[in-house]
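Protein chains: 2
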Amino acid sequence: MPKIVDHARRREEIAALTVRVIRKEGSGGATVRRIATEGGFSIGVLGHYFRDKDDLVAFAFRWMADQTFKELDAAVAHAEPGLGRLRAALEFMVPAPRAPTFMGVWVSLWDGALKNPALAKVHGDYYARWRRHLRRHLSEAVRRGEVPRPRALGDTVELLSAGIDGIWIASTFEPTRLPPRRRRALVAQMLAAVAGVR
Amino acid sequence: MPKIVDHARRREEIAALTVRVIRKEGSGGATVRRIATEGGFSIGVLGHYFRDKDDLVAFAFRWMADQTFKELDAAVAHAEPGLGRLRAALEFMVPAPRAPTFMGVWVSLWDGALKNPALAKVHGDYYARWRRHLRRHLSEAVRRGEVPRPRALGDTVELLSAGIDGIWIASTFEPTRLPPRRRRALVAQMLAAVAGVR
Numbered sequence: 001m002p003k004i005v006d007h008a009r010r011r012e013e014i015a016a017l018t019v020r021v022i023r024k025e026g027s028g029g030a031t032v033r034r035i036a037t038e039g040g041f042s043i044g045v046l047g048h049y050f051r052d053k054d055d056l057v058a059f060a061f062r063w064m065a066d067q068t069f070k071e072l073d074a075a076v077a078h079a080e081p082g083l084g085r086l087r088a089a090l091e092f093m094v095p096a097p098r099a100p101t102f103m104g105v106w107v108s109l110w111d112g113a114l115k116n117p118a119l120a121k122v123h124g125d126y127y128a129r130w131r132r133h134l135r136r137h138l139s140e141a142v143r144r145g146e147v148p149r150p151r152a153l154g155d156t157v158e159l160l161s162a163g164i165d166g167i168w169i170a171s172t173f174e175p176t177r178l179p180p181r182r183r184r185a186l187v188a189q190m191l192a193a194v195a196g197v198r
Numbered sequence: 199m200p201k202i203v204d205h206a207r208r209r210e211e212i213a214a215l216t217v218r219v220i221r222k223e224g225s226g227g228a229t230v231r232r233i234a235t236e237g238g239f240s241i242g243v244l245g246h247y248f249r250d251k252d253d254l255v256a257f258a259f260r261w262m263a264d265q266t267f268k269e270l271d272a273a274v275a276h277a278e279p280g281l282g283r284l285r286a287a288l289e290f291m292v293p294a295p296r297a298p299t300f301m302g303v304w305v306s307l308w309d310g311a312l313k314n315p316a317l318a319k320v321h322g323d324y325y326a327r328w329r330r331h332l333r334r335h336l337s338e339a340v341r342r343g344e345v346p347r348p349r350a351l352g353d354t355v356e357l358l359s360a361g362i363d364g365i366w367i368a369s370t371f372e373p374t375r376l377p378p379r380r381r382r383a384l385v386a387q388m389l390a391a392v393a394g395v396r
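Going line by line, the protein sequences match chains F and U.
For the record, in the first sequence the residue sitting at position 79 is 79 according to the numbering used here, with numbers rising by one throughout.
Take the position in the second sequence, starting the count at 1, then add 198; the result is the number in the numbering used here.
These are computed hints drawn from the structure, not numbers from a lab.
A quick note: this is a predicted structure, and the numbers were derived from the prediction, not measured.
All residues carry an ideal CB built from backbone N, CA and C; glycine is no exception.
It is possible that part of the hints are untrue.
One side only, chain F facing chain U, incomplete, derived with CB under 10 Å [as the list claims (entries may be wrong)]:
hint	residue
1	E13
2	A30
3	F173
Computed list of chain F residues with no C-beta within reach of chain U, every gap over 12 Å [claimed, not checked]:
hint	residue
4	A8
5	R10
6	A16
7	R23
8	K24
9	Y49
10	W63
11	K70
12	L72
13	W106
14	A120
15	A128
16	D155
Straight line, CA to CA, 16 Å or less: simulated EDC-like cross-link-like pairs of lysine to aspartate or glutamate [stated by the list, open to error]:
hint	chain 1	residue 1	chain 2	residue 2
17	U	K313	F	E91
18	U	K319	U	E372
19	F	K115	U	D264
20	U	K313	F	E13
21	F	K53	U	E223
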């Protein structure tokens, strides 16, 4: 079924293009028109693949999230199971200052999610996946006796996720105030405080 | 100098209007044209008060932040100095589910801040003010012996601020997953973990 394969591949190409345009133009600047122009096709062609901009942003975000989780899995594989991988996962999510920032794509998702439940669900699915990832490493760290058993595993995971979001936002918008060394120290302190690592 | 007074008042009125339009239309939908239409004046008139959309967003955000900090001061005044006010401040920043969400205005600021250093500075100024507020209550709590003296006060403040941002984002986009009781419990646990409250 080459037609269907082409359709799926074309959607992925447009997703990658959309992420690029959002990164360059910001959420507000990445209009459907701008994305079509950048891809060298008409707005009508976009309509064959996506219902509207929200649909396009949702697909592009999911596509980016899949890449992120693949890279995350590769990054933690180098660390020891348990606490080592938990720490590696948290550090992975606070990117280096010169790394390409995908905050613009998040901003696009959030802008849409405030009005469109479908985009809010994309946001929710991402975090559920991230919490499952953290929970796996935390459980293993508890099993190994590297961290004390929390009263509620879900709460500890929630607070680790929340702390990383805050450090990530601060690092993205204030990279000079939070240089790599301080950022790593904060992640380590946050992990120590929330998971009770001694 | 009635002319100057009028000019300042007019800018504040436009700031309030801008916040309203962003809350209704989202960051992407709140174009300069849309804001002018909503206010019943021409785009040209807006140009007398603001250089461009970024300038307008920066002013509107600062105006909203001033309101927020006034309300924050009023909210914490009811609590005991020290730990009580620290807890009240943190809880204030994670709004109730039915409270009007100003996330759209944040999304507008972030969208601009990724490209415009002037908007990144507005973001930075806000957080500096918030950290000063937290530091004041944390110092008082330490002085009263309610929390142990941290190794570095600045790091504790940074982690409190980060944790609240994460809980705030999760609460805004996933209000049903994080109902008020769980949200309050998470804020309390985060404070206990990060500040070492027993």
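Item to complete: Give me the numbers of the hints this structure contradicts, sorted from smallest to largest.
Response: When the structure is compared with the hints, numbers 1, 7, 8, 13, 14, 15, 16, 17, 18, 19 and 20 turn out to be violated.
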